[in-house]
Structures are given as C-alpha cells and as structure tokens.
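Residue-level listing of the chains:
There are 2 protein chains.
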Amino acid sequence: MALVQVYDTTLRDGMGGHGMSLSAAEKMRVVHALDRLGVPFVEAGFPASNPKEAELFEILAAEELEHTEVCAFGMTRRRDADAASDPALELLATSFAPVCTLVGKTWGLHLDKVTRVTRDENLAMIRDSITFLVGEGKRMVYDAEHFFDAWTDDRAYALECLRAAADGGAENVTLCDTNGATLPQAVAAATAAVSEALGDRVAVGIHTHNDADCAVANSLAAVGAGATLVQGTANGYGERCGNANLFSILPALQLKLGHECVSDEQLGRLTETAHLIDEICNLTPDPDQPYVGRNAFAHKAGMHAAGVQADARTFEHVDPDLVGNSREVLISELAGRGSVLSHAERAGIQLDADAAARAVESVKEREHRGYHYEAADASFELLLRREAGEYESLFRLESFRVVTEKRESGGVETEATVKIWVDGQRFLRTAEGNGPVNALDRALRDAITELHPHLAEIELTNYKVRILDEHHGTGAVTRVLLDSSDGSDEWGSIGVSENIIEASWEALVDSLEYAFQPKSQRGRSGEHPAEPDAGASERHDRSFERERA
Amino acid sequence: MALVQVYDTTLRDGMGGHGMSLSAAEKMRVVHALDRLGVPFVEAGFPASNPKEAELFEILAAEELEHTEVCAFGMTRRRDADAASDPALELLATSFAPVCTLVGKTWGLHLDKVTRVTRDENLAMIRDSITFLVGEGKRMVYDAEHFFDAWTDDRAYALECLRAAADGGAENVTLCDTNGATLPQAVAAATAAVSEALGDRVAVGIHTHNDADCAVANSLAAVGAGATLVQGTANGYGERCGNANLFSILPALQLKLGHECVSDEQLGRLTETAHLIDEICNLTPDPDQPYVGRNAFAHKAGMHAAGVQADARTFEHVDPDLVGNSREVLISELAGRGSVLSHAERAGIQLDADAAARAVESVKEREHRGYHYEAADASFELLLRREAGEYESLFRLESFRVVTEKRESGGVETEATVKIWVDGQRFLRTAEGNGPVNALDRALRDAITELHPHLAEIELTNYKVRILDEHHGTGAVTRVLLDSSDGSDEWGSIGVSENIIEASWEALVDSLEYAFQPKSQRGRSGEHPAEPDAGASERHDRSFERERA
Chain A
1 MALVQVYDTT LRDGMGGHGM SLSAAEKMRV VHALDRLGVP FVEAGFPASN PKEAELFEIL
61 AAEELEHTEV CAFGMTRRRD ADAASDPALE LLATSFAPVC TLVGKTWGLH LDKVTRVTRD
121 ENLAMIRDSI TFLVGEGKRM VYDAEHFFDA WTDDRAYALE CLRAAADGGA ENVTLCDTNG
181 ATLPQAVAAA TAAVSEALGD RVAVGIHTHN DADCAVANSL AAVGAGATLV QGTANGYGER
241 CGNANLFSIL PALQLKLGHE CVSDEQLGRL TETAHLIDEI CNLTPDPDQP YVGRNAFAHK
301 AGMHAAGVQA DARTFEHVDP DLVGNSREVL ISELAGRGSV LSHAERAGIQ LDADAAARAV
361 ESVKEREHRG YHYEAADASF ELLLRREAGE YESLFRLESF RVVTEKRESG GVETEATVKI
421 WVDGQRFLRT AEGNGPVNAL DRALRDAITE LHPHLAEIEL TNYKVRILDE HHGTGAVTRV
481 LLDSSDGSDE WGSIGVSENI IEASWEALVD SLEYAFQPKS QRGRSGEHPA EPDAGASERH
541 DRSFERERA
Chain B
1 MALVQVYDTT LRDGMGGHGM SLSAAEKMRV VHALDRLGVP FVEAGFPASN PKEAELFEIL
61 AAEELEHTEV CAFGMTRRRD ADAASDPALE LLATSFAPVC TLVGKTWGLH LDKVTRVTRD
121 ENLAMIRDSI TFLVGEGKRM VYDAEHFFDA WTDDRAYALE CLRAAADGGA ENVTLCDTNG
181 ATLPQAVAAA TAAVSEALGD RVAVGIHTHN DADCAVANSL AAVGAGATLV QGTANGYGER
241 CGNANLFSIL PALQLKLGHE CVSDEQLGRL TETAHLIDEI CNLTPDPDQP YVGRNAFAHK
301 AGMHAAGVQA DARTFEHVDP DLVGNSREVL ISELAGRGSV LSHAERAGIQ LDADAAARAV
361 ESVKEREHRG YHYEAADASF ELLLRREAGE YESLFRLESF RVVTEKRESG GVETEATVKI
421 WVDGQRFLRT AEGNGPVNAL DRALRDAITE LHPHLAEIEL TNYKVRILDE HHGTGAVTRV
481 LLDSSDGSDE WGSIGVSENI IEASWEALVD SLEYAFQPKS QRGRSGEHPA EPDAGASERH
541 DRSFERERA
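As you go down the protein sequences, you meet chains A and B in turn.
The first sequence: position 161 = 161 (my numbering), numbered continuously.
The second sequence: position 422 = 422 (my numbering), numbered continuously.
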C-alpha cells in the first residue's frame with residue numbers, strides 16, 4: 001500500500017476562518033503540537049508577506065522539529081515576467097523551508113474572468129515557477145486551484161496544467177476542490193483518471209473544503225482513487241464552512257483504511273492536540289466533533305450504555321483510547337487517574353494513591369465549574385502540589401481594590417491597591433496600569449519582589465477571556481487564561497469566576513505561585529515547549545503589559 | 001430518475017443529542033417548520049412512551065399538515081410473544097400516524113451480546129411485527145439497526161432480516177449505520193448489493209451517523225447506489241457526533257444531483273428553517289454550517305471577493321439565494337469600496353461617493369488599530385451612519401468610574417457610577433454588578449431607560465476578549481466583541497483600547513446606539529430572521545448577565 005501522508009495548512013488556509021488570528025508565538029505552539037502528532041508537512045504561510053509572517057519564518061528557521069517539514073506557500077509567477085525576477089518567488093527561494101507549495105490556475109473561467117491570462121501563458125507560469133524553485137533546491141507541491149471545476153469544464157486543459165507542474169519538476173500535484181462544490185463520487189472518478197494519466201511521473205494530492213459537508217469523505221475518496229497526500233487543517237478551520245478536518249481524516253486513514261500515517265503513540269495524542277489548538281485559537285472545542293469531541297464516545301440511551309459494557313464494539317466505531325479520547329463522560333482527558341499520575345511524575349511531585357484520588361476528584365469538580373487545565377499547565381501543577389502537600393504559598397492576600405475612571409476630558413485611568421502578607425511582613429502598594437489586570441499585577445509585583453526579586457522578570461505574554469454559558473448548574477462564568485514567560489520558559493494559568501477581575505487575579509496569582517516553586521522541581525511537559533531564545537525581546541514587545549519597566 | 005424522499009427524525013433520534021429537550025409545543029413548531037420546508041416524512045417519536053410524547057401525538061392528530069406525513073416509531077415485538085398482544089405495538093396500531101417505523105436487530109453480535117435472541121426468533125420478530133401493523137392499515141418502514149456492521153459480519157443473515165421485513169409487507173427497509181463506523185465506498189457497495197438482491201420487492205432507505213465525519217457523504221453515496229429514502233435530522237442533531245444533517249443532504253440532492261425533493265420555493269426556506277429550529281432548541285446557529293451558515297458564502301480574501309463580483313461561479317458552489325442564504329462579503333483589511341457600498345445599501349444608508357471613500361479610509365485606519373468588523377455588524381453600521389451624516393447620538397458621557405474590591409473576608413464586590421446627559425438632562429447612577437462590565441451596563445441602562453425604556457429589553461448574549469499583540473505601530477491592545485439581542489434580532493459590536501474596561505464600554509455603547517437607531521432603517525438581512533415568539537425566556541437563561549432583572 002502506498003504511503004499516504006497528511007499535510008497541515010492550519011497556519012495558512014485555516015487562518016481564512018472567520019475571526020482567526022494568531023501571533024507568531026501562538027503559531028509556533030501549533031507547529032510544535034503538530035510535530036508531536038507526527039504530521040510530516042506543515043505549511044507555515046507566505047514567507048514575509050507581512051512582518052508577522054517574516055517573524056514566524058525567522059523563528060521557524062532556528063527551530064528543531066522532530067517529525068515535521070515546514071512548507072512555504074506562494075503563487076505562480078506574475079504574467080509576462082521572468083520567474084527568477086519575481087520578488088515573491090525570490091522570497092520562497094531564499095526561505096529556509098525545504099518544501100514550497102505553489103498555487104496556480106487550472107480553470108478557464110478563472111483565466112477569463114479573474115486573472116485574464118491566456119491558457120498558454122498560464123501553463124508557462126506554472127512550469128517556469130516550479131522549474132525556478134526546483135533549481136533553487138526546493139521540493140515542490142503544485143496546488144491546482146479549482147481543479148474539479150476545471151475537470152468538469154475542460155479535462156484536457158486541466159491535465160495540461162498538471163503536466164506543466166510535473167514538467168517543472170513538482171513532486172506532487174494536489175487537486176483542490178477550492179469552492180467545496182464536489183461530491184465524493186466525482187472526486188474519486190477525477191482523481192482515478194488523473195492518477196492513471198500521470199502514472200508514475202508525479203504523486204497526486206487532495207485539498208478539499210467543506211461547503212457540501214463532504215470534505216472528509218472527499219479526501220478519503222481521493223485516497224481510495226490514488227492520492228497519497230491529504231491537505232487539511234486542525235479541527236477543520238478555514239474560510240466559509242472550513243477545510244477538510246485532518247483530525248477526522250488521520251484516524252480514518254489509520255484505523256479504518258489501514259494506512260500507517262503516524263505511530264500509535266502519536267495517534268493517541270489526537271484528542272489532546274485538537275483541544276490544545278482550539279484553546280490556542282481561543283475557540284471552544286466542539287463537543288460533538290468526530291473522534292476527539294467530548295461527546296464522541298458518550299452513551300446516553302440506557303440500552304447503548306449497557307451494550308457498551310457487554311462489548312464495546314456493539315456501539316463504538318473505534319476504540320476511544322486509540323485517539324486519546326475516552327468512553328467515560330469525562331470533562332477532559334486530564335481528569336483520569338493515569339493522566340494525573342503521569343503529570344505528577346513529569347513534574348517531580350510525589351503523589352500517593354490517596355492524593356491521586358483526591359486530585360482526580362478535585363479536577364473533576366473544578367472542571368465542572370468551568371476550569372479547563374489543558375492550556376493551564378501551571379495551575380494544574382499547583383493543584384497537584386496542593387494535593388501532594390508540596391505546596392508552598394507565596395503570600396497571603398488581605399485585600400485588593402482596583403478603580404477605573406473615565407474623565408470628562410476623555411482620558412482613562414486605572415489604579416490598583418493591594419494589601420498582602422509575605423513572610424510575616426505586611427505590604428501595602430498602589431500602582432497605575434493601562435488596565436485593571438496590569439495595575440493589579442504591578443501593585444502585587446511591587447510588593448512581592450521586595451523579598452523575591454527574581455519574580456520581577458516574569459512577563460505576561462497573553463491573556464484570553466471567554467464567557468462560559470454552558471455550565472447550567474453554576475450559571476455563566478468568566479474564564480481567564482494567562483500565558484507567562486521568564487524568558488526561557490512559558491507556562492499557562494487559569495482563573496474562573498463570575499467576576500472577570502477576580503478570575504484574572506486568580507490566574508495572575510497562579511502564574512506567580514508557579515514561578516515561585518523551586519525551579520529544579522518543575523516538570524515542563526511537552527505542551528508549552530520551552531523556546532529558549534525564541535525572541536525574548538519580541539515577547540516583551542508583544543506583552544500586553546509592555547509598559548512595565 | 002426515481003423519486004428520492006427525505007425523512008426527518010429530529011424529534012426522535014435528534015433528541016439523543018447532548019442537552020436536547022423540547023416541550024410538545026416546541027416540537028409542534030419544529031413539525032410545522034419541516035412541513036413548510038416540504039419534508040414528506042417527519043418521525044414524531046414513540047407514541048405514549050411518556051406523557052410528553054402522548055401529548056404530542058394528541059396535538060398532532062388534530063393538526064393539518066400540508067406536505068408532511070407523521071411517522072410513529074417503535075421496536076419489533078418482544079421475544080416469545082404475540083405481536084398483537086405487545087402493548088407497544090398495540091399503541092402504534094391505534095396511533096393516528098399513517099406511517100410506522102420499526103427498528104430491529106440485524107447484527108449477530110447484538111443478538112449474542114445484547115438481546116440474547118436466536119437468529120430465527122429475530123427474523124420472526126421482524127416479520128410478525130410488520131405483518132401485524134400492515135394488517136392494522138399502516139404503511140411500514142423497517143430500520144435495520146447496525147446494518148453495515150451486520151453486512152461485514154454475515155451478509156446472508158443481514159439480507160434475511162431485510163427479506164423478513166419485506167415478507168411482512170414493509171414498503172421500505174432502511175439501512176442504518178448506527179455506530180457511524182462506515183465510509184462512503186462501503187455504504188455504496190452494500191446499498192447497491194442490497195438494492196440488487198431485493199429488486200422491486202421493497203424500497204431501500206439510508207440512516208447514518210456522523211462518527212466518521214461522513215454522514216452526509218454516506219447518505220448521498222447510498223442514494224447513488226439506489227436508496228430512495230434518506231433519514232436525517234435538522235442541523236445534524238443527534239447522539240455523540242450527530243446524525244446525518246438533512247439541511248446539507250436536501251440541497252445536495254436537489255442542486256447537485258438533480259433529484260426534485262421539494263419545490264424551489266421550499267428549498268429557499270432552508271436557511272430560515274435551519275436557524276428557526278436552532279432557536280427553538282436554544283442553540284446558537286453554527287456560523288460555518290454548510291449552505292445555511294452565516295459564513296457559508298462569506299468571502300474574505302481580496303481576490304475571492306473580486307472574483308465573486310466578476311462571476312459568482314468563480315468562488316461559489318451554489319447560488320446562496322437558492323437556499324435562502326446571502327452572500328455576505330466580510331469586512332477586513334482587504335475589503336474595499338464595493339463592499340462598503342453594498343453594506344450601506346442593505347442597511348438603507350445613503351452613502352455618496354465622498355462619504356464612501358471616507359468610510360473606506362476609516363475602516364482601514366480602524367482595522368489597523370485592531371478593530372475587526374466581521375463579527376461586529378452593529379459597529380460597522382454605526383461607522384457608515386456617521387460618515388453618511390445619518391447618525392443620531394443616544395447620550396453624551398460626562399464620566400464613569402468602576403471599582404472592584406476583594407475584601408479580607410474573600411468576597412468580591414463591583415460597583416459602577418456613570419454620569420451622562422440624555423436629551424439635555426443629566427443622569428447620575430450607581431449600580432452593582434457581578435463584574436465591571438455588568439455593573440457599567442446596569443448603571444448606564446438605569447440612566448438611559450428613563451427616557452428610552454425599550455432599551456431595557458436588550459440582553460448581552462456573548463462577550464469575548466482578546467489581547468492583540470500584532471499591532472506593532474500602536475502596541476498591545478484589548479479587543480472586546482459583544483453580542484446583543486432584543487429577542488428577535490441579534491447584533492455584534494466591538495471596542496478596542498489598551499484598557500479592557502474602556503474597550504468593553506465602547507462595545508456596550510455601540511450595542512445600545514445601534515438599537516437606538518430607527519428600527520425601520522435597519523438593514524438586517526435574512527441572517528437572523530425574526531422569530532417573534534422563539535423562546536425569549538430561554539435566551540434570557542443563556543445570557544452571561546442573567547442576573548440583571
């Protein structure tokens with residue numbers, strides 16, 4: 001069976017989704033998550049189409065990835081120009097990325113109505129651009145935009161476009177269902193015809209969109225007809241109705257169709273990866289999502305639940321363990337005993353059986369109230385330390401007050417006062433800030449750093465807020481996720497409260513408490529990989545608290 | 001081409017979805033919505049399995065439906081018993097419903113592990129139950145549970161089960177992919193083999209679940225292989241990952257595969273029907289849903305938007321009008337003058353060339369500062385009104401102050417004071433809240449509603465905060481997105497500031513200012529169709545500020 005590989009385009013096509021926007025540091029976290037999942041190709045975007053992309057490529061160039069090759073994306077050369085003198089192609093040529101993917105036209109309607117390029121010139125644009133980049137040492141993928149519409153319209157020309165790419169030296173031509181118009185039978189028929197026409201000259205790939213609710217099925221249909229590269233995005237992010245969801249495709253290829261795309265251990269990280277990327281994008285994981293959703297293996301009807309106990313195959317299409325999900329209706333995968341124990345071990349925390357059981361109960365109870373520890377490793381570790389009796393408190397709060405005023409003149413001012421006890425001494429400090437959390441952080445840090453000066457180094461690098469209204473028992477609450485960094489290490493903390501200020505305070509305190517724990521004991525798991533020299537100064541600029549000295 | 005019909009099971013299988021629950025009156029609204037859409041079969045549930053179902057069947061019996069036949073659902077008779085003396089079958093026999101659907105076993109694994117019935121007894125249970133109900137004058141559908149697993153396991157026996165149903169007089173045998181395990185190729189192959197084996201004796205149907213993210217494709221694959229009845233649910237509701245989404249299947253059958261399932265006019269109600277049923281179920285419509293989602297025809301990238309204007313086929317898989325949706329060109333840094341003009345026209349705002357040019361510049365400048373109008377239609381419309389000189393200010397702010405205190409006792413209190421001028425009168429109001437935004441909203445509303453009481457009706461339904469760190473020119477800012485509703489209409493507003501309180505205030509003021517503009521001028525397109533009595537109280541429960549009186 002031919003090797004089938006998945007190709008992630010979350011950071012390029014996925015960012016076309018409504019409201020999607022990630023910083024370079026957040027994109028790096030996505031790249032690392034995909035690397036750990038074993039995704040062989042990750043498309044990072046256009047190099048240097050803007051300063052943010054340039055920063056991402058700069059960081060990526062210095063990064064060690066274990067399983068993933070980075071792909072840079074671009075378009076075929078401009079018409080009536082030389083490929084070598086096209087500035088965008090030149091950027092691709094000089095990029096560190098070993099693989100380049102070029103998108104180009106295939107459909108006469110687009111040539112006539114959108115680009116106004118002749119069919120012959122379009123073929124030359126495809127061939128020249130690929131020839132140039134192959135000459136620069138790049139492995140090339142050609143994305144044939146609107147391929148299936150083109151195929152319906154004029155098969156001979158559609159094939160000519162693919163042949164031009166093969167002539168230029170592309171190693172793969174990917175058939176794109178750009179408008180998401182096509183149904184599986186048509187995808188299978190066209191892909192089979194293309195595979196046969198091109199023979200061994202070039203491999204065939206598939207790239208689909210979900211406008212007809214068939215993106216995953218279309219991808220699998222193409223693989224059945226000879227495609228060996230499947231492009232898609234994490235959780236199906238993308239413009240309009242989204243791209244093909246790689247997290248549905250990967251388990252189907254591996255568990256249902258017998259392709260070995262990743263190792264069993266990597267596939268076991270599927271659920272965790274899906275949820276982590278949702279959190280990075282500040283999206284609520286879809287509880288009904290195939291394979292990875294909270295409800296994906298939840299059995300409601302009495303008979304189903306009994307059937308599952310008799311023999312899981314009676315009501316389960318795959319074993320949830322294989323994709324890192326679970327049959328128990330757990331709030332998250334962290335609420336399992338094995339997961340608690342392995343986290344404790346990694347963090348160097350001694351957790352006996354009783355303490356582990358208490359930690360599991362505590363996680364369950366807190367997740368029920370809206371906590372969510374997947375993107376808050378620091379808060380999770382503090383919870384484990386408390387249950388293990390290894391927790392040392394940094395300070396005791398007496399009270400805080402934060403005031404924001406908008407004056408008639410239009411200016412806004414925020415001031416916070418905190419009263420705390422550190423090592424038996426009382427500190428009262430007031431600070432201004434560009435917002436209530438910033439002001440509280442300054443006042444708190446001003447007090448604490450007198451005895452613990454190293455905590456001054458910590459930067460709050462990201463701050464996300466979501467209103468949770470699904471917790472009917474407790475009513476609507478605010479969840480704050482805070483990312484912090486000391487320049488070499490990054491960690492996440494969480495706070496949950498009806499009141500956004502209190503939730504922010506809780507996350508802020510967890511962040512500092514975590515940094516206060518003895519460093520040698522810290523068990524930084526793979527989730528927030530340390531990015532040693534990944535632009536500490538940029539991180540400073542990016543901080544929402546950049547004004548703190 | 002054989003007539004293909006859709007069969008809705010929202011009120012039975014769809015209710016297996018997480019958290020789904022409808023009253024009899026709400027179910028009636030769903031039935032009427034499906035009747036208007038032209039759905040020929042609507043399964044109402046088990047008659048009298050509980051008082052709520054009994055009430056529903058009582059109401060339904062007296063109801064005039066124009067296009068829909070009601071189906072009652074049940075199981076094959078108990079083992080070792082006479083069909084005529086089975087109380088559940090007796091209820092079906094006496095029900096007014098002209099069609100009855102019985103589910104029964106097909107898979108040996110289930111007979112062995114779950115029901116412990118012999119294969120022969122199972123065949124008798126199927127045949128006897130159907131014979132009895134046909135004798136009582138019912139048209140019968142047989143749902144062959146786990147058919148595709150059974151087919152893989154033991155084809156001969158799976159076919160025997162279908163033949164037993166045909167022998168009993170069923171007019172349709174529906175092949176169920178109960179665990180959602182099967183992929184389209186396998187569905188097509190099995191359905192084709194069944195259709196051939198059964199010939200003209202009985203029609204074949206298909207019933208799929210979305211565990212492999214292929215429910216819609218599986219349904220279409222079965223139709224391609226001879227199935228003429230497609231069971232599914234509104235918006236894909238259902239246990240685990242949901243059932244096949246009828247609102248994706250119907251347009252594909254009609255617009256892509258040439259089956260005339262409903263009239264063009266009925267299909268034009270698809271989007272409205274999908275959103276109405278979501279509202280009845282107290283669910284937020286999925287903006288990315290195929291065909292009916294708000295983003296389903298939204299074009300973001302500059303080239304796509306230009307292409308759509310040149311020829312819609314370039315980037316649209318079907319004409320959005322045909323499914324009652326609309327082409328919403330999203331505002332973004334890439335959107336230009338045409339998009340501003342078309343938004344103004346839809347909102348009924350007179351924008352001359354100069355004003356349009358100013359609006360484009362204003363959008364660009366504000367998006368550069370972190371504004372993002374895709375999810376903030378209200379703020380965008382206010383911006384257009386200001387440029388058009390059609391803007392009427394609701395009030396003038398003198399000042400506000402908001403204080404949050406955490407006391408030594410542990411309690412947190414928040415209090416806001418606002419001083420504003422409305423129609424020449426000065427108002428000073430103080431209010432408490434469960435957070436600073438809630439407190440400001442209460443104080444502001446307390447002041448404003450004295451002269452504009454209708455603004456008291458507005459609920460803030462969602463609140464999202466993001467720190468933007470990509471805006472190098474201006475440094476890090478906070479972006480707040482606020483969704484509001486007055487019970488029939490929903491709108492989004494945005495605020496951007498270094499200070500989260502000021503950003504929240506701006507979004508809050510935009511929300512109220514938008515609601516204050518003359519309603520007749522509002523250009524709310526079909527995106528949020530008014531549904532006069534669609535559960536205003538449920539919406540209230542969802543509000544993150546539910547405590548506000």
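There's no promise every hint is true.
Note that identical chains are pooled: a pair holds if it fits in a single copy or bridges any two copies.
[To be verified] Heads up, simulated BS3-like pairs for lysine-lysine below, C-alpha to C-alpha not over 25 angstroms straight-line: (1) Lys52 <-> Lys364; (2) Lys364 <-> Lys419; (3) Lys256 <-> Lys113; (4) Lys113 <-> Lys52; (5) Lys464 <-> Lys113; (6) Lys419 <-> Lys256; (7) Lys464 <-> Lys52; (8) Lys52 <-> Lys256; (9) Lys419 <-> Lys113.
Hints in this document: simulated from the structure, not taken from any laboratory.
For each hint given before, does the structure comply? Return the numbers of the non-compliant ones in rising order. 2, 4, 5, 6, 8 and 9
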